[in-house]
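Undergrad: Start from chain A and add chain B according to the hints.
Just so you know, the sequences run in chain order A and B.
Numbering of the first sequence is given in this note's numbering, commencing with residue 1 and proceeding in unit increments.
Numbering of the second sequence is given in this note's numbering, commencing with residue 1 and proceeding in unit increments.
Worth double-checking, as some hints may not be accurate.
[Stated by the list, open to error] Computed far set for chain A versus chain B, every beta-carbon distance over 10 Å:
{"hint": "1", "residue": "MET1"}
{"hint": "2", "residue": "GLN25"}
{"hint": "3", "residue": "VAL26"}
{"hint": "4", "residue": "ALA42"}
{"hint": "5", "residue": "ASP44"}
{"hint": "6", "residue": "GLN45"}
{"hint": "7", "residue": "SER68"}
{"hint": "8", "residue": "LEU91"}
{"hint": "9", "residue": "THR94"}
{"hint": "10", "residue": "ALA99"}
[Unchecked claim] Here are the simulated DMTMM-like cross-link-like pairs (lysine to aspartate or glutamate), alpha carbons at most 20 Å apart as the crow flies:
{"hint": "11", "chain 1": "B", "residue 1": "LYS458", "chain 2": "B", "residue 2": "GLU468"}
{"hint": "12", "chain 1": "B", "residue 1": "LYS465", "chain 2": "B", "residue 2": "ASP430"}
{"hint": "13", "chain 1": "A", "residue 1": "LYS95", "chain 2": "B", "residue 2": "ASP176"}
{"hint": "14", "chain 1": "A", "residue 1": "LYS61", "chain 2": "B", "residue 2": "ASP176"}
Don't read these hints as lab results, they were simulated from the structure.
We put the beta carbon where it would ideally sit given N, CA and C, even for glycine.
Chain residues, written in single-letter form:
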Amino acid sequence: MELKPGSRWKGVGGAEFVVVRPPKQVESLQSGGHPVQSAADATDQALEPEASLADLLAVGKRYSDDASGLELLVSKAGKGTLTVDGRVMALKETKALPASD
Amino acid sequence: MQISLLLEMAADAFPDRTAVIGKEGTVSLAEMNARVRAAATLFAEQPADTVVFLGLNGAAFPTALFASAVAGKPFAPLNYRLPDVDLCKLLARTSPSVAVVDDDMLSRVENVEGVTFISRTAFEAACSDALRRAKELPESESDIAVLLFTSGTTGEPKAAVLRHHHLSSYVISTVDFMGAEEEEGALVSVPPYHIAAISAIMTNIYGGRRIVYLPTFTPEAWVDAAVEHTITHAMVVPTMLGRILEVLDSRGIGLPHLRALSYGGGRMPQPVIERAMALMPHVDFVNAYGLTETSSTISVLGPDDHRAAMTSEDPAVRRRLGSVGRPLPILEIEVRDPEGNVLPCGEAGEVYVRGEQIAGEYLHKKVIQDDGWFATNDAGWIDEDGFLFVEGRLDDVIVRGGENISPGEIEDVLRSHADVADVAVFGLPDDQWGERVACVVVARRKEVTAELLSAWVKTHLRSTKVPETWEFRDELPYNDLGKLLRRVLKAELSAGQGLHAA
Numbered sequence: 001m002e003l004k005p006g007s008r009w010k011g012v013g014g015a016e017f018v019v020v021r022p023p024k025q026v027e028s029l030q031s032g033g034h035p036v037q038s039a040a041d042a043t044d045q046a047l048e049p050e051a052s053l054a055d056l057l058a059v060g061k062r063y064s065d066d067a068s069g070l071e072l073l074v075s076k077a078g079k080g081t082l083t084v085d086g087r088v089m090a091l092k093e094t095k096a097l098p099a100s101d
Numbered sequence: 001m002q003i004s005l006l007l008e009m010a011a012d013a014f015p016d017r018t019a020v021i022g023k024e025g026t027v028s029l030a031e032m033n034a035r036v037r038a039a040a041t042l043f044a045e046q047p048a049d050t051v052v053f054l055g056l057n058g059a060a061f062p063t064a065l066f067a068s069a070v071a072g073k074p075f076a077p078l079n080y081r082l083p084d085v086d087l088c089k090l091l092a093r094t095s096p097s098v099a100v101v102d103d104d105m106l107s108r109v110e111n112v113e114g115v116t117f118i119s120r121t122a123f124e125a126a127c128s129d130a131l132r133r134a135k136e137l138p139e140s141e142s143d144i145a146v147l148l149f150t151s152g153t154t155g156e157p158k159a160a161v162l163r164h165h166h167l168s169s170y171v172i173s174t175v176d177f178m179g180a181e182e183e184e185g186a187l188v189s190v191p192p193y194h195i196a197a198i199s200a201i202m203t204n205i206y207g208g209r210r211i212v213y214l215p216t217f218t219p220e221a222w223v224d225a226a227v228e229h230t231i232t233h234a235m236v237v238p239t240m241l242g243r244i245l246e247v248l249d250s251r252g253i254g255l256p257h258l259r260a261l262s263y264g265g266g267r268m269p270q271p272v273i274e275r276a277m278a279l280m281p282h283v284d285f286v287n288a289y290g291l292t293e294t295s296s297t298i299s300v301l302g303p304d305d306h307r308a309a310m311t312s313e314d315p316a317v318r319r320r321l322g323s324v325g326r327p328l329p330i331l332e333i334e335v336r337d338p339e340g341n342v343l344p345c346g347e348a349g350e351v352y353v354r355g356e357q358i359a360g361e362y363l364h365k366k367v368i369q370d371d372g373w374f375a376t377n378d379a380g381w382i383d384e385d386g387f388l389f390v391e392g393r394l395d396d397v398i399v400r401g402g403e404n405i406s407p408g409e410i411e412d413v414l415r416s417h418a419d420v421a422d423v424a425v426f427g428l429p430d431d432q433w434g435e436r437v438a439c440v441v442v443a444r445r446k447e448v449t450a451e452l453l454s455a456w457v458k459t460h461l462r463s464t465k466v467p468e469t470w471e472f473r474d475e476l477p478y479n480d481l482g483k484l485l486r487r488v489l490k491a492e493l494s495a496g497q498g499l500h501a502a
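This is chain A alone, in the form it adopts within the complex:
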């Protein structure tokens, strides 16, 4: 699937994500065990995240997948662990700078 930088996606648990670094190649991006939908034309699928994939995703957290290079930023909070081709995406630490601006 095509995951352009800046493109926005929505998961079944209500979480929304934006692509901050595009992947080399990805077959499927899922949240809560179900494919994500493009945020612009998402429809209510009446689905719940699977119980084993129901981590809470907080706004402002970044998730990455080393194998594909994909990195996402959570733009709206919700439940639904992020997986790329079956691999669970890892929470990326922000190394906050001392305020410089």
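TA: Then chain B, alone, in the frame of chain A:
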């Protein structure tokens, strides 16, 4: 990722938190987001490719920045201190554009072809328009976020291009989303046409720290605002800090609420930072180094580095107070010789940087290399622990008989003399050496002589670095961002000796 999403996320998570305090009053994050939607509709209605902002700091500035992003049009803040004729020339280059202009500046720029003018008052009114607020705009796919015109000390100003992904990548990887505590407030006094003003909006909004705007900087107004708004964070340029300290001294006050003071945009004289640290030991000082073309900060000397340097007996650690710290973990920095070879620690050359936030691009001209490295045109070196020392613009380095001499080093020595209020060192053409070291001094007492100061420099530096040409003046030329205009002095002194400046 579009920069407008930074505000949307913040407004969604903490709608009631204060975004901005300015002369228009207090604006919450939710209100800011609503204004942005209305302003974006207004911009989208105009037959314009670019949004120009000509005015003082205030809520309208971040509103116009984010609204331009939503409308998919680059945002170009212009320098209102330029002469009217230059301002009109720049405006003409943005055509077709829409320009939001402070009411009292409108008469300076009327009738530029292809530019639609909107007064700030009319803009504010449009931002409250309920119909415009309700309008849904399609998601923008434009990739240029900001155009910043460089100060153009040589030739026509160039328009530096900052794309959405440069700016947002800097913000999301260096700022904790809504990580600021409720009471934190940042005092912003750099003008809207400076990169630091653009990054201050994004990092403070995304971090959840209210922005307090000072429309124009005077040290008295800065101190008043810091006290009135219990400011916790601020960024200043070095010349501002010296003047702020004088006001604090004369009023006999400290700033107990202030937690962090960052500085950048020029070389900080060591005596000034030492005095500031002694006067406000509770404050975390941060030296941030960056360029317009690098989306602001690329290297930081943090609070712990400042304290370690200040209290160290080791001269190698001590001198780090004059460094710009270490590169951000998200990018790489190298020092290279003129042939492009990477230099080892301790050797001076040109500073190069690579990373996701590095734009390195002007309108119609890309200056970043294919492998991502950007040449900063700054001279510098790195010590064995990775601290970067920036010696100034490469063009300012004096080459005397094959020896590279940094003006900043000599200026520091002279400034540490009790009788020297200010000083500028630069090279002048010389028949024998190619260039020779010249300096212009602002003295505190008229009895001070070149002989006396030469002897002072000689006790601190090797003899080739002692200035050979001396001039005394009442003041030095600075631009409005506090940058010393060495080139102006160089041209004046070269003309005086009947030679042309190199």
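Undergrad: Confirm or reject each hint.
TA: Hint by hint, here is what the structure shows:
1. MET1: Per Cβ check, MET1 of chain A is outside 10 Å of chain B; nearest 18 Å; holds.
2. GLN25: GLN25 of chain A clear of chain B: closest Cβ-Cβ about 20 Å, beyond 10 Å.
3. VAL26: 18 Å, holds
4. ALA42: 13 Å, holds
5. ASP44: ASP44 of chain A is indeed farther than 10 Å from all Cβ atoms of chain B, at 19 Å.
6. GLN45: 21 Å, holds
7. SER68: The assertion about SER68 of chain A holds, with a minimum of 17 Å to chain B.
8. LEU91: 13 Å, holds
9. THR94: The claim is violated: THR94 of chain A sits with its nearest Cβ about 6 Å from chain B, within 10 Å.
10. ALA99: Its Cβ does come within 10 Å of chain B, the nearest being 5 Å, so this is violated.
11. B:LYS458 - B:GLU468: Holds, at roughly 12 Å.
12. B:LYS465 - B:ASP430: 15 Å, holds
13. A:LYS95 - B:ASP176: Given that 20 Å is the threshold and the Cα spacing comes to 8 Å, the pair holds.
14. A:LYS61 - B:ASP176: Distance of about 9 Å is within 20 Å: holds.
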